[in-house]
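Asks: As a plain string of letters, each chain reads:
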Amino acid sequence: MSGENFLFSVFAILTCVSALAVVLSQTVVRMAFWLVISLGSTAALFFLANADFVGAAQLLIYVGGTLVLLVFGVMLTASGPYMKIGTSAGETVVAGLLGLLFLFVVFACIGGVEWRKPVTGSADNIATGAVGNTLRPLGLSFLGVRPDADLANGKPPEASGYLLPFEIVSVHLLVVLIGASYLARAKRRAAPVGQ
Amino acid sequence: MAAGLNAYLLVGAVLFVCGVICMATKRNGIGVLMGVELVLNGANVNFVAFSRYTDLGLDGQIFSLFVIVLAAAEAAVALAIALNFYNNHLTIDVDRANKLKG
Amino acid sequence: MNPEFLLSAIIFVPTIGALLLALLFDSKNSEAMRLFAMATTLVTFGLTLMLWGDFQEGTSGIQFEVAKQWIPTWNVYYRLGVDGISLPLVLLTGLVSALAMGASWSITKHVKGYLVLFLMLESGMMGVFLSLDFFLFYVFWEVMLLPMYFLIGVWGGPRKEYAAIKFFLYTLAGSVLMLVAMLMFYFNAPDPGGRFNLIYLADAASKGGLLSPSLQITAFVMLFIGFAIKLPAFPVHTWLPDAHVEAPTPISMILAGVLLKMGGYGIIRIAFPLCPYGAQYWAWTMVAIGVISIIYGAFAALAQTDFKRLVAYSSVSHMGYVLLGLAVWKVNEANGQSIGMDYWQMGLNGAMFQMIAHGISSAGMFFMVGVIYDRVHHRDLNRFGGLMGKMPLYSGLSAGLFFAGLGLPGLCGFIGEVFVVLSTWNFSWVLAIVAASGVILTAGYILWAMQRVYLGAEYRGPHPEDLTPMSMRETSIAVTLLALAIVFGIFPAILFNIMEPSITSMSKAAESGYQQSAAQVTQLQAQR
Amino acid sequence: MVGETLRNLLMIAWLLPLVGFAVEIFGGFWGSRQSRAAAWIAVGCIATGFVCSFSALMIWGNANHWSVMHKAEHGASHESHDGHQGEKGHEEHAPAGHEAPAEKHGSVSSESQYKLTALAAEEANTAHAAGPTVYSGTLYYLARFGSLDLSLDYYIDSLTLVMFTMVTFIATCIHLFAMGYMSEELTEEYVDHHAHLSNGHHVHRPGRFYRFFAFLSLFCFSMLGLVLAGNIFQVFIFWELVGICSFLLIGFYTERKSASNAANKAFIMNRVGDFGFLIGLMVLWTFFGTFRFGETVNDKGEVVQAGLFQLLQRDDTGNVIRDVETGEVSVGAADAAMNPGNARKTIPYFLLVVAGLGVFAGCVGKSAQFPLQTWLPDAMEGPTPVSALVHSATMVAAGVYLVGRFYPMFVQEVLLTIAYVGCITLFMAATIAIVATDIKKVLAYSTISQLGYMMLGLGVFGWGAGLFHLVTHAFFKSLMFLCSGSVIYGCHHEQEMPKMGGLWRKMPITAFTMLVGVIAISGLAIPGLISLSSVFAFSGFFSKDAVVATSLAFVKANPSHFLLFLMPLLTAGITAFYMFRLWFYTFAGKPRDMHVYDHCHESPLIMTVPLLVLSVLAAFCAVGGEQGPLFLLITGDQPSHVSHGVAAVAGASTLTLPGHDAVHAVHAEAGTYALIAAASGTLIAWLLYGTTMVNVAEMKRQLSGLHGFLVNKWHFDELYDALFMKPAHIIGKFCTWIDRTIFDGIIHGSAKVMIAVSKWDRLFDESVVDGFVNLLGSSTFAVGRSLRVVQTGRLRQYVMFIVVGVVALFAILFTTFPG
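Protein chains in written order, with numbering that gives the first Met the number 0: chain A, 0 to 194; chain B, 0 to 101; chain C, 0 to 527; chain D, 0 to 818.
Hint data in this document are derived by calculation from the structure and do not stem from the laboratory. Mixed in with the good hints there might be a few duds.
Calculated lysine to aspartate or glutamate pairs in the EDC-like style (CA-CA distance at most 16 angstroms, straight line) [unchecked claim]: (1) C/K389 <-> D/E187; (2) C/K389 <-> D/D322; (3) D/K732 <-> C/E457; (4) D/K256 <-> C/E332; (5) D/K344 <-> D/D322.
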């Protein structure tokens, strides 16, 4: 077992187990904890898959950002940190069964499909998803240049990068942030509904 | 377990299914959100795996980046919604949000 | 300015004005909106004057032609152009629109909507007169219909809904027939590229290559009914009095001044050149309808007690001269040669002149009725009187405009009427005599109306205290119209010089088209 | 260039009043109500016009060497100039007025005789008119269509010039008179005693002095344009314009219902005539292709198109040339190149008659001939100067003028009609005048009657006689109207003669000048005063004598039309009777209404001076009779076939129209008859009204039937009202009814049908279509209801469903496509 495989196995199992733990834990704080573990180890998987930038982003945004946000949410909404909102047993069973069924279906799909052959590096040493440092190509592609696609094989540049989606996403984020702050701002209500 | 495409996909599948079950079982709104995060992560794992093991090139990674960003955005909005919900109902139990009942 | 661009500008400046008006202005600030709309119409009128300045008189062809593909699948083009037939009408439209806008100060309800619709209406009218593509013509024809419907239906008098619906249905019925005829041409055009090109179609028809003689007869009837409704000719004229009576004053001015002319324009631009055989086949009927319209409208006007309705019926009578003049085309059926071609041309010219003259005089008459209606809010002829003493300037100017309608020499109405009537004897002496008798009736109803309204010792109706002198704005509108009536009455050659070459070439083309078709008929009969 | 000089002078005379009109109407509107400026402008314009016209007359005379005067001495000979002294002799008789300068010019011309002859000959070539003395040309074009064109032209011959001079002169006098007569309008607060408000008060209004003069100026412009017109279409244009001026002037007192009624009546009746005129125009236009009287000339002086007068050709006997086979009249000048392109080659003879009658119908309307005479008496509603200028001297004479102008186009059937219309008119109007009591109405009927004389004269081929009477009548009738105006002014707007009487003591000048007019119109004369062969008489005698003589010659040639002589002869007596009745009634005898008499006064100088000037002319303008200068001037350019007469066509029932010789032969005889008639009329009038020998009231009662008939003007108004006015209104109402009930009924009916159909359609929709749809809807609803349970609103459940759905989908996928 190579080092890569070993690391992969460790993180894969960690990921899966902690994800399962998220499902199974009863208090929201614990769920948050397990989620951190799960996401963090996913990041590790990314590193293993030669996607170091994505992994970094995962760590920064997810683990560092989103989860903090979630924890804030937990703190703001929970009556107590270990508040439990129980699920009925029947539901849990049905959900578990369904989950297994779903997992089986997905596994069947994965197993049943003949995936395309992986490529091993490119001729002119331009980083692809498979090998090399992907940071620079990623950055270029966000600026509208695709060194891996456009410059490969002597094709003329088609500018098939992601400048526009990048911009859209940026604006989208901005809008979302504004929207979120608007939605989350404290409102005065005369009386809580449904009490 | 060899680190191949299928292995990654299996991890992704597990994450995905866990996320879905999480969404389906948690009555806590924040829990549902966490389920969503898991689902998205599962998808991300798949993307990265495809990027690594097929000739998709960087597209997969780029997509996963977008997914991460959108997930962050979604989390922000969802949390805002949750807070609003909590403000209105003084609880975070999503079963109380049944106004759309037929 | 680039003359080709000029045509589009004339059509769309009002539209742009309407857009700006809709977007930029606060609907409470009516005065600013009115001024802006006024400026828009004036700019449009200025553009039409520029067009006149650039127009080369003495040539018969289309000038400033613009052709851009619009809907390639159906061979529809954005094709514009002017010649001597359309130019005077474009000028008239610009003028009457500006003046009617000047008369629109009396509108106080929903000013913004009114002005926007008004400007759109102007665009539509300009488009009708400038387009040389049948499809485009049809589009503008319909575009103009809707604003008119709303303008009558929202800003009208007590029975406005009835009048608006009546107007709309009548005109729509005509449009539908026109559409059918349009499709007939479309599917019979020899060259698919020119299926909607009016110039090309006319050219083909003059060579006898468009429709067969029997089809021409059918197509002409459909076109003619469509245009006759607009004209309006007896017996499809009854929408006119209602529409006029209910419409607000500026809209009446537009209606009488421009919209009615579209009927005549359609006949001379489309019906005659495209179906010359049909036109000749129905010539006698058309002349008869024209004569009946003259007499019938005059008699009906004599019996009215509503001032505006009287003027409306006078329009029926006056537009009868247009139809009469257009149709006095006599041929020798034995050999297909025209008899007295020059007389037909005189009739055509006279009819065109009558359209312009009527545009000026009837717009003026309606305006004058509107001025007094704004003051005393009734139009009952029997409850007026003595205005000459109370409002001398108003009465003097109205007398001038009514005399123009009466056909007094030196004013524009005379030239049109008399030229048409003079050209009629060549066609049919009976109809000529009947048509000439219209001069007596016209004098009768106009003088009688003037006597009841302007003359007499005192005003007999309500609100005598409101009989204030005309404002500067009203005076300038009336003076402009009267001045034009005088200028055209004394120097008709101004207009004839523009129109004559185009009309001559049109009539020549129609003549040759008729001869070709007649030859086909003879051939068919010989084969049997 | 004489032609151009004449044109320019006459155009100045013609257009100045138009300028005046514009200035007056605008200046007056914004100016002071008390200002006489408008009147002075009007007088200035028209007086300048008179000067121009008169100089034009002189220039014309010089240019052709007064050849018209020689014609008198030497027949139709144009070459001979040695009769010049004789002509001068005539002119020395000319006592006053405009004849004096004529003499001066005449002598100038005699000094440079040879030179001018050459000049005249040269101009005859370059001025390219029909004769050496006719100048025509085009001012500008109205329109051209192919070979047809319509233009404003001028046509200057002796008739034009005489008419110009006459019109401008009379108009000047009347303008001056009106300045005094209308002075009451020079106020901000004019009280109209004839117009009442509904509360019984009189109408108070600002004065309209300026407006009156503006209208007068406009009228002068129109009238002069009519005279100057070089084509029949242009005549029609100005014909209508004088009509509208007449309308405006009759209706000057707009507050009076009677005035506006009269104005409408005048205009509409004229329009009836114009309807005929228009028919005539249509025929001419269609068959001749031109409206011009004279030939059209291009820049090089070549004749390019013949005028109407050249197109209708006559043979040596004066009859029109007809095609032998078809009987149609040939159209065209001798030179084919001159023919208008679109003209037909022939015209049916009856259409030529129709054209003539049509044009004459216009003249009937304008000149108030039977049967369109009723408007003229009503037109007396206008101010008196208007009656004098428009409704006696000029506008109503335009009909006569046009007949004279258009004479070459009239065939003899038309002429006969003209003669009979004139004959009926002159008699009928005279009979009504006998019983009229309104001083202006008497004069109005006398105007109609005299117009009848003119028409008769023209109809019986007395071209010169009719027009001669036109001119003399213009002078004495305008004089009499002005006198009556002076009386009315002096009597504070009292017009009823029974309230007057004995006024000569109060207003001697008016009475004297009126007497001159009365004598002139009555045709009284003193034979043999100056020499045995001549008579001393005022103008009316000569002209009426000429008419009567022509009709006698006509009757002698065509005995079956004897009425054409008897009626005018009888009417000559009636004329003298009613005119003297008027004079005696008004000026002589004792005052009948002391109130009127006491307040009566002579008019101011500005009114009496025109009276005196006109009375001189009324008395002496026709001096010399048919050898006198006026007659010779008028007939200078008479139609070529007139002087020799027209012989009857052998074998056809046509008329013989007398030439000059035939008329001359019966002149003395006719003059005697006419004088006897006039004298007896005068005598009767004197007996009845000048003395107290006969009780007039008694006579009136005994003849009440006839009297009523005459007072009611032969019941023409009632007849027309019943025949035309009422039916027109009924037809109008009927048309409206048709519109409302039939056409709109069809529309409404079809709308109702549509509504019915749509109702049925709605029923169908509701039961069948809606039933189906409702079934569909309700079943959907039921399904939804049953499925409603599923919609718990629980988020988590939904996620479960999604999962179930995905799994189920995959399951189906796998089972369906295994592998």
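Asks: Now tell me, hint by hint, if it's right for this structure.
Replies: Results for each hint:
{"no.": "1", "hint": "C/K389 <-> D/E187", "in the structure": "holds (14 angstroms)"}
{"no.": "2", "hint": "C/K389 <-> D/D322", "in the structure": "violated (64 angstroms)"}
{"no.": "3", "hint": "D/K732 <-> C/E457", "in the structure": "violated (27 angstroms)"}
{"no.": "4", "hint": "D/K256 <-> C/E332", "in the structure": "violated (56 angstroms)"}
{"no.": "5", "hint": "D/K344 <-> D/D322", "in the structure": "holds (10 angstroms)"}
Violated hints for the displayed structure, listed by number in ascending order: 2, 3 and 4.
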